[in-house]
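Residue numbers (the working numbering), protein chains in the order written: chain A, 218 to 372; chain B, 1084 to 1746.
Don't read these hints as lab results, they were simulated from the structure. Be aware that one or more of the hints could be misleading.
Calculated cross-link-like contacts (lysine-lysine; reagent style PhoX-like; alpha-carbon spacing at most 25 Å) [as the list claims (entries may be wrong)]:
# : chain 1 : residue 1 : chain 2 : residue 2
1 : B       : K1291     : B       : K1365
2 : B       : K1267     : B       : K1317
3 : B       : K1488     : B       : K1569
4 : A       : K344      : B       : K1541
5 : B       : K1291     : A       : K344
6 : B       : K1481     : A       : K344
Covered by chain A, per the in silico footprint, the following chain B stretches (three or more residues, Cβ under 8 Å) [stated by the list, open to error]:
# : segment
7 : 1147-1158
8 : 1242-1253
9 : 1591-1605
Even glycine gets a Cβ: it sits at the ideal position worked out from N, Cα and C.
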Amino acid sequence: MPMNSPEKNGVGKEEAFRPKIVAFCCNWCSYAGADLAGTSRLSYPAEVKIIRVPCSCRVNPTFILRAFGRGADGVILCGCHPGDCHYTTGNYYTRRRMTLLFSMLDYLGIERERTRVEWVSAAEGAKFAETMRDFVATVTALGKNRRLEDLRCRN
Amino acid sequence: MQKIGVFVCHCGTNIAGTVDVAAVAEALGKLPGVAVAADYPYMCSESGQKMIRDAIREKELGGVVICSCSPRMHEATFRKAAAAEGLNPYLVEIANIREQDSWIHRDRAEATEKAIVLGKAAIEKVKRNAPLTAGESPVVKRALVIGGGIAGIQTALDIAEAGFPVDIVEKEPTIGGKMAQLDKTFPTLDCAACILTPKMVECAQNEKIRIFSYSEVSKVSGFVGNFRVTIRRKARYVDETKCTGCGECTEKCPQKKVPNSFNLGLDNRRAIYIPFAQAVPKVATIDADWCNMLKNGKCGVCAKVCGAGAIDYKQKDTFIEEEYGAIVAATGFRPISLSRYEEYAYGLSRDVVTSLELERLMNAAGPTGGTLLRPSDGKHPHTVVFVQCVGSRCEDGKGKSYCSKICCMYTAKHAMLIREKYPDTEVYVFTIDVRTPGKNFDEFYRRAVEEYGVHYIKGMVGKVLPEPDGSLTVRASDLIANEQLKLSADLVVLAAAVEPDPSARPLATLLTASMDTNDFFTEAHPKLRPVESPTAGVFLSGACQGPKDIPETVAQAGAAAAKVIGLLAKDKLVGNPCVAHSDEMLCNGCSSCEKVCPYGAIHYEEKEFRGPNRTVLKRRVAAVNAAVCQGCGACTVACPSGAMDLHGFSNSQIMAEVDAICR
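All chains, please: the whole structure from these sequences, using the hints.
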């Protein structure tokens, strides 16, 4: 059984690494998609904590930097599919802003995989859960965010 | 310091089953600023709400956090409870510990820990909430129904019945939709035209209803209560006000080889046509793709024979702009294209038809005058094979994953009608399952089997082969007898899956209404708000929301109308106070916010400010029109100086949530 695998019961006393993940979800599509995942009892790791925003374009790149500064290990931003934005054009702004931010993070030496933009509609509960499972697995494999964490904020 | 009350809901065992609610209340109760923390089996119940109200009054709370189900469920309930006690409703925050916690996690310790973190984030957010007052906007007391099938017709009639004016926009030259093409309807075998056409006439005669046929919606702006819609009236080259619908032109037009779209191409019509005898409005339309006069200027017969002088070859598309308080999408469905189903020989043999084509072949007003004849040679078929689930419940990527819902019943109807009219004809139906939920549906199917002797075979058809003698060889499996069958048939009828009308997708974009992966409109809540779109003021009627039969469509159309009437009956709508606002002391008038605003809600004002040494400075600063702003927040990110912020989702609130989660 995997529960008794040597990895789990290994000699290391350190607790298994559990990443801190912040997920920004737009109110109209992705937050509803997350609710649908819940209603359908589709499980994903508890490391994911969702912050509701009206539209993905409400997410200021500084919020993402703030999250990393405060010790988040991964930040994912979910919005409506392009063309389906409740506010018509919001997710297009998101797409452009995040492309810039991610390339800046890349320049700073932060792994690309720690940040992600995903389009999840209100009907895609399964996609939401799948995306979160995958994202948590990716960030867990990367390990702790050490480069961007502001140690003065740690407590 | 502001006093916060925290209330943790058990939701029966929905939350308490996985989350240690008492531990959550205890942990959150220790946080600074929290004056009271309690848990209760059902916070949304009368007594749960009383508990919150009592606490607000007795502890003089300045903010409330409810750890419960999604804010999409009960945010309004709890806000109302707070408002009843004099606390501003926008000082209530919800921590979603059901849909986003207890329902998705199994480990009790993990789920409890997450609930505490989500509760903390909500507490940090509520501390930074500002009391907000919603503005009001007037309601335009007129509704727009897009689509003139049975769904749109019923919705329009019901709204007009309540005394509100309604406009129907229909892309075809007549209203009636798919139901007008049907022969009989299950499970009572009423004639479709006999029950539909009186409703069409009622629409035309009702003074509250305007019909824009041969028209499309080309632009939508505004918001609930105040939509501004541009309707394109396509040129039909006939003056609607003059045409009497006598039909003289449709008999004299020399262009006779136009495939008749109303009969699905089973016969031909003229270039100027009236789709069917009971069309509403009964006005001729020129098919510009086929008209010789429009194509090369040589003809003009219809203008010569028209006694009313209604023909106008120079007519152009016109655009009208109208204001509406509510919009109903009723765009309906169509059968899928069968071009990818070569195995059934559709397109190879004219005797392989879809069920909708069979409706026309059996309709008294159809190409054969109601006698069932093979399209290829006009002979009477002696063996008819029905193939069910062509493209429905199909996971191979060619078809649709869903059940089209209506096929089992209409096939039973077809089989029954054929056996009744032509007892010498053998009818075989190949099915995966027969699904008959609905009032009198199973009885209807049993009648087809028991009284009419229709052969139902559980199994799928693998191949249909056209033979040189004109017959069709059907190879199929019989799953019950576990054998392969080979049948010689004269006519094969394919129950093609239904899909949303292709006009629905661009319309959804115009309305900013969301769609599912199959392009059906999504409802605001699958159980509790089935006829509303998540976009306020947009309602759903009929098969554009999912496959539906006629009784269900009519029921849903009435429900959508009731929702529209409820909206139009209001004189004023309370707006959303979570809108953007600008700090004029920080604004430098750069126009970044104005450029990203999709609603044009931001304008600039020249304002005087006090400068140094008693001087007066004039500066250009942004101002937000709260009635127009929808609160997306695009401007808050575009603003380089941080002057723009969003009520309810302010920068400091979101950052406080981030901090609480990461800590």
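Evaluation of the provided hints:
Restraint check for B:K1291 and B:K1365: the C-alpha separation of about 19 Å stays at or below 25 Å, so the hint holds. For the hint pairing B:K1267 with B:K1317, the CA-to-CA distance comes to about 32 Å; that exceeds 25 Å, so the pair is violated. Between the alpha carbons of B:K1488 and B:K1569 the distance comes to roughly 28 Å, so the proposed pair goes past 25 Å and is violated. Taking the CA atoms of A:K344 and B:K1541, the gap is about 34 Å. The hint is violated against a cut of 25 Å.
With a C-alpha separation of about 45 Å, the suggested pairing of B:K1291 with A:K344 is violated against the 25 Å cut-off. At roughly 21 Å between alpha-carbon atoms, B:K1481 and A:K344 fall within 25 Å of each other, so this suggested pair holds. For the segment 1147-1158 of chain B, the stated coverage by chain A holds: 3 residues have a C-beta nearer than 8 Å to a C-beta of that chain, and at least 3 were required. With 0 residues carrying a beta carbon less than 8 Å from a beta carbon of chain A, the segment 1242-1253 of chain B misses the three-residue requirement, and the given coverage is violated.
For the segment 1591-1605 of chain B, the stated coverage by chain A is satisfied: 8 residues place a CB nearer than 8 Å to a CB of that chain, which reaches the threshold of 3.
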